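First to last, the sequence lines map onto chains W and G.
Positions 61 to 179 (the numbering used here) are the ones given, in order, by the first sequence.
Positions 66 to 172 (the numbering used here) are the ones given, in order, by the second sequence.
Hints should not be assumed to be uniformly reliable.
[As the list claims (entries may be wrong)] Examples of chain W residues lying across from chain G (beta carbon under 8 Å, computed):
#1 Gly-104
#2 Ala-110
#3 Phe-166
[Said to hold, decoys possible] Covered stretches of chain W, going by a simulated chain G footprint (3 or more residues, C-beta under 8 Å):
#4 116–123
#5 169–179
Just so you know, these hints were derived from the structure itself, not from any lab.
Because the structure is a prediction, the values reported are computed rather than measured.
Ideal placement from N, C-alpha and C gives every residue a C-beta, glycine not left out.
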Amino acid sequence: QVQMVESGGGVVQPGGSLRLSCAASGFTFSSYAIHWVRQAPGKGLEWVSAISYDGSSQYYADSVKGRVTVSRDNSQSTLYLQMHTLKTEDTATYYCAKAYYSRWYFDSWGQGTLVTVSS
Amino acid sequence: DIVLTQSPATLSLSTGERATLSCRASQSVPMSHLAWYQQKPGQAPRLLIYGAFSRATGVPDRFSGSASGTDFTLVISRLEPEDFGVYYCQQYGRSPPITFGQGTRLE
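The following block holds chain W by itself, in its conformation from the complex (with noise of 0.2 Å):
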C-alpha cells in the first residue's frame, strides 16, 4: 500500500536552515506530482510546495518563496524540502502529499514532521 514517511524535522534556531525528506513507496513515485502542506500547531492546513513528477517544475506559496527549495529523487523515490532563513512562523507540522496525477487534491499523506523554529 501507498507510505509516505518525513523525516528531517527538529528544533532550529531562527534564521537556520534545514532539510526535510519524504521517503515514499507502494506506488510509482516518478508518476506523480507531490505535495508539503504545513499545519502550525493548533491551526489549520497551509499549502507550501509543490513539484511536477518529474522535477522540472516547482511552485511555492508566497509565505516560503525565496527561502525553500523543493527537489526529488525519483531513484530513490524521496522528494525533499530545503528550507532557509527560518521564521518562528515556519513552526509547524509538515506532511507530504501525493496528488492525484495533474489534479491537485491529495489521496495519500505522510504522518508528518514537527519543524520547531525557536531561540
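Position chain G against the provided structure of chain W, taking the given hints into account.
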C-alpha cells in the same frame, strides 16, 4: 487567490444526527475542483471527497458532497462515533496556490 470560508466553525451534534458543513469560495472554482478532508487529533488529513461530488476510495456512502455556484456542502447523513473531528475544504481549480478553508470542528 481563492479564499475558502467554512461554516460553522464548530458543529455540535450527536451520533445518528445529520451534519451539514459549508464551504464558500470567494470566486468560481473551475470544474468544481474542490475536495474535502477529515482530520483527527494527531493524524494526517484523510481525503473524503474530490471533484466536489466524488467519494474517495473506502469512504462510506453516508458522506456526500454537493455544489451550487461558489457554495459547496459536505453532508454526513447519519453520524457515527468515528466521524467526529475537523473537516477542511480545499480548492485545486485555480492553482497554484492551493487553498484550504479554515476548518469546521465537528464535536
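(message) Check the structure against each numbered hint from earlier and tell me which ones fail, lowest number first.
(response) none
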